[in-house]
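Number of protein chains: 2
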Amino acid sequence: MDFFETVKRRRSVRRYTQEPVPSTVIETALDAALLAPNSSNLQTWEFYWVQSPDKKAALVKSCLNQGAARTAQELIVVVSNPNLYKKTAPELLKRLNSPNAPKEIGFYYGKLVPVLYGWTILAPVKWLIFNLVGLFRPIMRRPWSSRDIDEVCIKSAALASENFMLAVAAQGYDSCPMEGFDECRVKRILRLGYRHRVVMVISVGRRDPKGIWGEQLRFSKDWFVKRI
Amino acid sequence: MDFFETVKRRRSVRRYTQEPVPSTVIETALDAALLAPNSSNLQTWEFYWVQSPDKKAALVKSCLNQGAARTAQELIVVVSNPNLYKKTAPELLKRLNSPNAPKEIGFYYGKLVPVLYGWTILAPVKWLIFNLVGLFRPIMRRPWSSRDIDEVCIKSAALASENFMLAVAAQGYDSCPMEGFDECRVKRILRLGYRHRVVMVISVGRRDPKGIWGEQLRFSKDWFVKRI
Numbered sequence: 360m361d362f363f364e365t366v367k368r369r370r371s372v373r374r375y376t377q378e379p380v381p382s383t384v385i386e387t388a389l390d391a392a393l394l395a396p397n398s399s400n401l402q403t404w405e406f407y408w409v410q411s412p413d414k415k416a417a418l419v420k421s422c423l424n425q426g427a428a429r430t431a432q433e434l435i436v437v438v439s440n441p442n443l444y445k446k447t448a449p450e451l452l453k454r455l456n457s458p459n460a461p462k463e464i465g466f467y468y469g470k471l472v473p474v475l476y477g478w479t480i481l482a483p484v485k486w487l488i489f490n491l492v493g494l495f496r497p498i499m500r501r502p503w504s505s506r507d508i509d510e511v512c513i514k515s516a517a518l519a520s521e522n523f524m525l526a527v528a529a530q531g532y533d534s535c536p537m538e539g540f541d542e543c544r545v546k547r548i549l550r551l552g553y554r555h556r557v558v559m560v561i562s563v564g565r566r567d568p569k570g571i572w573g574e575q576l577r578f579s580k581d582w583f584v585k586r587i
Numbered sequence: 360m361d362f363f364e365t366v367k368r369r370r371s372v373r374r375y376t377q378e379p380v381p382s383t384v385i386e387t388a389l390d391a392a393l394l395a396p397n398s399s400n401l402q403t404w405e406f407y408w409v410q411s412p413d414k415k416a417a418l419v420k421s422c423l424n425q426g427a428a429r430t431a432q433e434l435i436v437v438v439s440n441p442n443l444y445k446k447t448a449p450e451l452l453k454r455l456n457s458p459n460a461p462k463e464i465g466f467y468y469g470k471l472v473p474v475l476y477g478w479t480i481l482a483p484v485k486w487l488i489f490n491l492v493g494l495f496r497p498i499m500r501r502p503w504s505s506r507d508i509d510e511v512c513i514k515s516a517a518l519a520s521e522n523f524m525l526a527v528a529a530q531g532y533d534s535c536p537m538e539g540f541d542e543c544r545v546k547r548i549l550r551l552g553y554r555h556r557v558v559m560v561i562s563v564g565r566r567d568p569k570g571i572w573g574e575q576l577r578f579s580k581d582w583f584v585k586r587i
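If you read the protein sequences in the order shown, they are chains W and B. Each residue of the first sequence is one higher than the last, beginning at 360 in my numbering. Each residue of the second sequence is one higher than the last, beginning at 360 in my numbering.
Wrong hints could be hidden among the right ones.
No distinction is drawn between identical chains; accordingly, a pair holds when it is met within one copy or between any pair of copies.
In silico lysine-lysine, BS3-like type, Cα no more than 30 Å apart, as pairs [said to hold, decoys possible]:
| # | residue 1 | residue 2 |
| --- | --- | --- |
| 1 | 462 | 415 |
| 2 | 367 | 580 |
| 3 | 585 | 462 |
| 4 | 446 | 470 |
Please keep in mind that the hints were generated in silico from the structure rather than gathered at the bench.
All chains should be modelled from the sequences, with the hints used to inform the complete structure.
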């Protein structure tokens with residue numbers, strides 16, 4: 360499907376028909392998700408495709424039993440996991456040997472990423488350094504805290520989520536991104552660790568006409584776009 | 360352009376040619392960005408298209424003078440602004456009169472959204488309520504803090520950013536999402552307020568062959584996709 364048609368076709372669908380979704384649709388959408396840009400290419404995202412009926416039922420409950428979850432054919436939980444840097448940073452170091460890449464890349468993945476992502480106990484020290492140096496010259500002010508790192512990884516996972524939902528739309532199916540869930544319970548269902556964050560739960564199915572709340576409602580472009 | 364071709368075509372480009380980008384390309388991409396799904400449809404995002412040469416030069420410096428900014432034809436700063444709920448929530452209340460929408464929508468936009476987005480001083484109270492109720496039944500554990508609200512808005516802005524970058528790719532141009540910037544300085548250039556957060560700076564242009572670091576590097580799907 361044409362890209363702009365796909366963007367227009369995608370709507371958040373709150374109720375699906377009982378038509379099953381072929382697993383190739385989900386696989387293809389996951390492939391598209393994994394091609395999203397992401398922070399330093401560390402790919403700190405995870406996608407839990409919940410298939411076991413018990414876990415699915417528990418997940419629907421944790422999504423506050425909302426229609427978009429209850430009537431869904433498939434449920435995918437998008438999760439951020441900063442700790443993946445431990446696996447991906449060394450691999451990137453090995454495989455990033457492009458002549459176009461800057462020389463500092465060895466220092467970046469070898470030394471800086473572990474400090475930024477891993478040494479969370481040094482948060483106040485990082486904050487101090489960033490803000491002292493920042494008095495004199497431009498410098499990144501974040502990430503200094505583990506919450507900042509979460510934010511970076513959540514952002515990347517959101518970019519991937521959008522690819523996923525558009526890819527579902529491009530195949531003629533529908534989706535709904537949900538943030539209305541009990542994060543503690545979802546983490547328990549998926550057996551996630553302390554550093555994981557649940558970014559969103561995406562449901563997939565074929566839209567029921569009642570699953571759409573009318574025309575897509577967007578306010579004037581002038582409210583959001585500033586040309587300066 | 361076909362959707363999946365677009366996803367594959369999009370690469371993070373670190374150096375652009377001197378070919379200008381027609382303003383229609385940016386406008387079309389902004390239109391696509393504004394169609395992204397977003398939290399409660401509150402559309403708490405802003406897009407600063409920096410055109411003034413002085414501001415552009417200052418922005419490039421604040422992006423640590425990296426090639427993706429320095430050689431860019433156009434620079435768009437994606438910003439989250441939770442305070443937009445004050446404008447969008449009442450409008451949504453007025454205009455969301457679909458028979459498919461749940462009855463609770465009046466309570467949601469009229470009462471709950473202002474408490475969640477606005478009453479930041481009550482953060483500890485919200486935390487306590489969510490976690491006490493959560494002992495007995497599923498409930499959203501967030502947003503209780505202003506940082507949680509930031510996270511929600513940043514997530515929505517990231518979904519829009521992905522639409523923007525894909526729309527640029529679909530029109531044959533290239534982009535790079537940057538998180539390597541000095542947020543304090545960028546906020547000063549754009550005259551942003553306390554609640555604004557700079558989500559990413561996106562540069563746009565036509566790719567220079569040296570602006571790509573070789574084949575797109577993604578690790579095995581098994582590292583990230585879990586079927587449970």
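For each hint, the structure was consulted:
1. 462 to 415: between (47 Å within a copy, 27 Å between copies)
2. 367 to 580: both (16 Å within a copy, 28 Å between copies)
3. 585 to 462: Answer is neither: 37 Å inside a copy and 35 Å across each miss the 30 Å cutoff.
4. 446 to 470: Within one copy only: 14 Å inside, 45 Å across.
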